[in-house]
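Engineer: Here are the chains, one letter per residue:
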Amino acid sequence: MSDTPKLAAFRTEVRGWLEVNAPHGWRERYKAGSHEQFAREQKKWFLKLVEGGYAVPHWPKEWPGGGRSLAEQKVFYEELARADCPRLLLTFVATYHAAATLMECGNDAQKARYLPGILKGDVWCQGFSEPGAGSDLAALKCKGDLRGDRYVINGQKVWSTMAQYADKCLLLVRTSSEGAKQAGITFLLMDMKSNGIEVRPINQIQGDQEYCEVFLDDVEIPVEDRVGEEGKGWAVAQATLSSERGLTLMELTYRMRGALRRIADLIRETGREDDRGILRDFGQLVARCDSACAIADRFIDNRMKGVESIGDAQIVKNTYSRVLREYSLLGTRLGGMHEQYRWPITFGDLNTGNWMADFMNSYAWTIAGGSEEVQRNIIAERMLEMPREPKGWVL
Amino acid sequence: MSDELLQELRDSAQKAFPADKLAPPRDAAWQLAAEMGWLMITLPEDQGGLGLPRSAAIAVHFELGRVLSTAPLIPALLALEGISAAEGLADRAGWVERICGGEYVPLNMLPGTAAGDATIDGRLSGFFEADMAGHVLAGIPGRYVLIPTDAPGVTVVERPLWDESRRMFDIELSGFKPDPALVVAEGEAAKVLHDVISPVAQLAIAADSLGGATACLDMTVEYLKTRKQFDRPLAMFQALKHRCADLKTHVVAAEALLWERTGDESASVIDLGVTKALANDTYRMVVEEAIQLHGGIGLTAEHNCHLFMKRAMLNAQLSGSIDHWREAAGRQALAEFA
Numbered sequence: 001m002s003d004t005p006k007l008a009a010f011r012t013e014v015r016g017w018l019e020v021n022a023p024h025g026w027r028e029r030y031k032a033g034s035h036e037q038f039a040r041e042q043k044k045w046f047l048k049l050v051e052g053g054y055a056v057p058h059w060p061k062e063w064p065g066g067g068r069s070l071a072e073q074k075v076f077y078e079e080l081a082r083a084d085c086p087r088l089l090l091t092f093v094a095t096y097h098a099a100a101t102l103m104e105c106g107n108d109a110q111k112a113r114y115l116p117g118i119l120k121g122d123v124w125c126q127g128f129s130e131p132g133a134g135s136d137l138a139a140l141k142c143k144g145d146l147r148g149d150r151y152v153i154n155g156q157k158v159w160s161t162m163a164q165y166a167d168k169c170l171l172l173v174r175t176s177s178e179g180a181k182q183a184g185i186t187f188l189l190m191d192m193k194s195n196g197i198e199v200r201p202i203n204q205i206q207g208d209q210e211y212c213e214v215f216l217d218d219v220e221i222p223v224e225d226r227v228g229e230e231g232k233g234w235a236v237a238q239a240t241l242s243s244e245r246g247l248t249l250m251e252l253t254y255r256m257r258g259a260l261r262r263i264a265d266l267i268r269e270t271g272r273e274d275d276r277g278i279l280r281d282f283g284q285l286v287a288r289c290d291s292a293c294a295i296a297d298r299f300i301d302n303r304m305k306g307v308e309s310i311g312d313a314q315i316v317k318n319t320y321s322r323v324l325r326e327y328s329l330l331g332t333r334l335g336g337m338h339e340q341y342r343w344p345i346t347f348g349d350l351n352t353g354n355w356m357a358d359f360m361n362s363y364a365w366t367i368a369g370g371s372e373e374v375q376r377n378i379i380a381e382r383m384l385e386m387p388r389e390p391k392g393w394v395l
Numbered sequence: 001m002s003d004e005l006l007q008e009l010r011d012s013a014q015k016a017f018p019a020d021k022l023a024p025p026r027d028a029a030w031q032l033a034a035e036m037g038w039l040m041i042t043l044p045e046d047q048g049g050l051g052l053p054r055s056a057a058i059a060v061h062f063e064l065g066r067v068l069s070t071a072p073l074i075p076a077l078l079a080l081e082g083i084s085a086a087e088g089l090a091d092r093a094g095w096v097e098r099i100c101g102g103e104y105v106p107l108n109m110l111p112g113t114a115a116g117d118a119t120i121d122g123r124l125s126g127f128f129e130a131d132m133a134g135h136v137l138a139g140i141p142g143r144y145v146l147i148p149t150d151a152p153g154v155t156v157v158e159r160p161l162w163d164e165s166r167r168m169f170d171i172e173l174s175g176f177k178p179d180p181a182l183v184v185a186e187g188e189a190a191k192v193l194h195d196v197i198s199p200v201a202q203l204a205i206a207a208d209s210l211g212g213a214t215a216c217l218d219m220t221v222e223y224l225k226t227r228k229q230f231d232r233p234l235a236m237f238q239a240l241k242h243r244c245a246d247l248k249t250h251v252v253a254a255e256a257l258l259w260e261r262t263g264d265e266s267a268s269v270i271d272l273g274v275t276k277a278l279a280n281d282t283y284r285m286v287v288e289e290a291i292q293l294h295g296g297i298g299l300t301a302e303h304n305c306h307l308f309m310k311r312a313m314l315n316a317q318l319s320g321s322i323d324h325w326r327e328a329a330g331r332q333a334l335a336e337f338a
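Line by line, the protein sequences give chains W and Y.
Just so you know, we're using our numbering here: the first sequence kicks off at 1 and counts up by one.
Just so you know, we're using our numbering here: the second sequence kicks off at 1 and counts up by one.
The hints are simulated quantities; they were obtained by calculation from the structure and are not laboratory data.
Where a beta carbon is used, it is the ideal one built from N, C-alpha and C, also for glycine.
Please note: incorrect hints may appear among the correct ones.
As the list claims (entries may be wrong) - Just some of the chain W residues that point at chain Y, by a computed CB distance under 7 Å: (1) Leu279; (2) Arg280; (3) Val286; (4) Ile295; (5) Arg298; (6) Ile315; (7) Thr366; (8) Ala368; (9) Ser371; (10) Arg376; (11) Ile379; (12) Ala380; (13) Pro387; (14) Glu389; (15) Gly392.
Stated by the list, open to error - Now the stretches of chain Y that chain W is said to cover, found in silico as 3 or more residues with beta-carbon under 8 Å: (16) 25–37; (17) 82–91; (18) 220–230; (19) 249–260.
Assemble the whole structure, with the sequences as input and the hints as a guide.
Structural biologist: Next comes the structure, spelled out in structure tokens:
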């Protein structure tokens, strides 16, 4: 689809800005350095985007850089992918999840207290999942006791992305064990500098430390940091989780499309240009990648027209995550033994050309953010209308 | 073409060819397809056609694939595409008019061995429903010629297919002398014509395949909802649900690519060929699982599963194989990322 004149002008503007401001050579710096250095680089890039007015295009227009239409946001992410800019991992939860939660469900005082900080680089993390509450999030047990004007929190959270750098946390706690398990959940905003918080980064199989465990031992949270009413946190969490609707996947599929170059280079480097088997597998991967781009595009276009059916988002995610797996596996195959040596990894990117690391990292998309299996259930039960299994089971 | 118009076209196709009547009797189906105006759907208006964009034809092929259409619209439209673009053909206007009026002239959809110059000998393959054709359009290396099926030196031989929704014929030529008035294109012009026809063929077969895949998956999901074992519908078992969800994901993603490429006039024939290959493979995945998920009944001739399966497997052989297009797409991408 070609741009309208207004969109074309916006594209030119963004492209021009990125030419001057994109952080060139970031891959080398993200590779050579420590995880802390990666976090510093991320913050620098985020603040640069804030300065340019591009950090929060999805926010309302009252905010600097906000009020961009979905079509403009799409252009913006296409240009970020085109310029091969680093993705914003450090501040992602802040600008999407925290912002959406506050804007949709927060009171005026909470908005005034927390939203401006996000544009100054405050890092937020999410305290949702627990060791016993993954796909079944509503089974969470982390306890919140209201004592006077504060909640006292005890329990454990896990898979909190970038929690080791976080200033604040979106926290789900159980304030009641009566009734349906969703009914006793309360949504709190936690200051990560509070007493009683211990954050332990999780060592991932490819050597990254994107996620953390968070241990909470008598952590006190003032009652004014509760979002919504006590016991109504589940509904607030839905607002948090639906804040990011397709643009990230669109950006990621476009980046993967561009990163097919790495496979092409590898085919040449390994002298396989006339290996018909490899060419077929590459051709099939390209087609799958193009089809992932097409479905991500269509999802955004439908949203712009106000058409979205249940299951659409799940199909986009499962398509991308599978093609990403196929992409990284073809890389490991072509790379051969070379990929079995442990080369340094590049933080914050899914298509780095370190094929074993990319293969392992691709599980982030088949497991995190609602596992492939949970997405399949949604597609089957809500799109194909296949009946749910009966609740509860007895041995 | 607007989404609304496209939807109207789909609705009218579904009305004419309802989903519960799979593989309807051929002659009536062909007549109905002609009456619906589908033969002239993309033909330019100045040649008496409707002049609709290719998305309109794709929508119709999708719907016809859904009902395992016996009406050979694809080979007829491919022949018309060639004839309407053939400036060298004597009486081009007459041919176009007769074809739009329902005279069936198919293009061969498989390569053959026929060769020659003043006289042609050998075999041409892949003519669908040639028993109802007075003429066929034969793509021979370096040439496109119209061949009267009753001319001296021409024998029409049916080649029984596994696919029960279509019939296919070879044409055997022995000392056949082409009529100069029936030569559609030669030499450079034949190459140009091939490049006009091939993209249309890729998209049409892709659409037929994804229409069939959609219907076959719907049918399978419906069956799982009604079939009960262990005191519950099979559709309740997560092991089966997940397989259906994955098939749905594949079908929807392949369809998204089909529509994107249909609307992209700059897409190369390789882009379209590999779109067809993806559609072929998706159809194969669906029919393969459909029989397994239906269980024993899926292996019986009285159930419809096998009809989809056989059509899917044949579609993968038409207008270039999956392997051919994947390899070409691989080479094209190597050049793109040179």
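Engineer: Hints first: check each against the structure and report whether it holds.
Structural biologist: Each hint, compared with the structure:
A hinted interface residue such as Leu279(W) counts as satisfied when its beta carbon comes closer than 7 Å to some beta carbon of chain Y; here the least separation is about 3 Å, so the hint holds. Look at Arg280(W): its Cβ gets to within about 4 Å of chain Y, closer than 7 Å, so that hint holds up. With its C-beta approaching chain Y no nearer than about 5 Å, Val286(W) sits inside the 7 Å limit, and its interface hint holds. For the restraint placing Ile295(W) at the interface with chain Y, the shortest Cβ-Cβ distance is roughly 4 Å, inside the 7 Å limit, so the hint holds.
A cut of 7 Å between beta carbons decides the hint on Arg298(W): the least distance to chain Y is about 5 Å, and the hint holds. With a least beta-carbon distance of about 5 Å to chain Y, the hint placing Ile315(W) at the interface is held under the 7 Å criterion. Checking Thr366(W) against chain Y: minimum C-beta separation of about 12 Å lies over 7 Å; hint violated. With a least beta-carbon distance of about 18 Å to chain Y, the hint placing Ala368(W) at the interface is violated under the 7 Å criterion.
For Ser371(W), the shortest C-beta to C-beta distance to chain Y is roughly 11 Å, which exceeds 7 Å, and the interface hint is violated. Taking 7 Å as the C-beta contact cut-off toward chain Y, the hint placing Arg376(W) at the interface holds, the least distance being around 4 Å. With a cut of 7 Å, the hint placing Ile379(W) at the interface with chain Y holds, because the nearest CB-to-CB distance is about 4 Å. Annotation: interface hint on Ala380(W) holds; nearest CB of chain Y at approximately 4 Å, less than 7 Å.
Checking Pro387(W) against chain Y by beta carbon gives a least distance of about 5 Å; that is within 7 Å, so the hint holds. The interface hint given for Glu389(W) is met, as the beta carbon of that residue sits about 6 Å from the closest beta carbon of chain Y, less than 7 Å. A cut of 7 Å between beta carbons decides the hint on Gly392(W): the least distance to chain Y is about 14 Å, and the hint is violated. Residues of the region 25–37 of chain Y lying with their CB closer than 8 Å to a CB of chain W number 0, which falls below the three-residue condition for coverage.
Counting residues of the region 82–91 of chain Y whose CB lies closer than 8 Å to any CB of chain W gives 0, so the stated coverage by that chain is violated, three being the minimum. Counting residues of the region 220–230 of chain Y whose beta carbon lies closer than 8 Å to any beta carbon of chain W gives 3, which reaches the threshold of three, so the coverage claim holds. With 8 residues bearing a CB less than 8 Å from a CB of chain W, the region 249–260 of chain Y meets the requirement of three and the coverage assertion stands.
The structure does not agree with the numbered hints 7, 8, 9, 15, 16, 17 stated previously, though it agrees with the rest.
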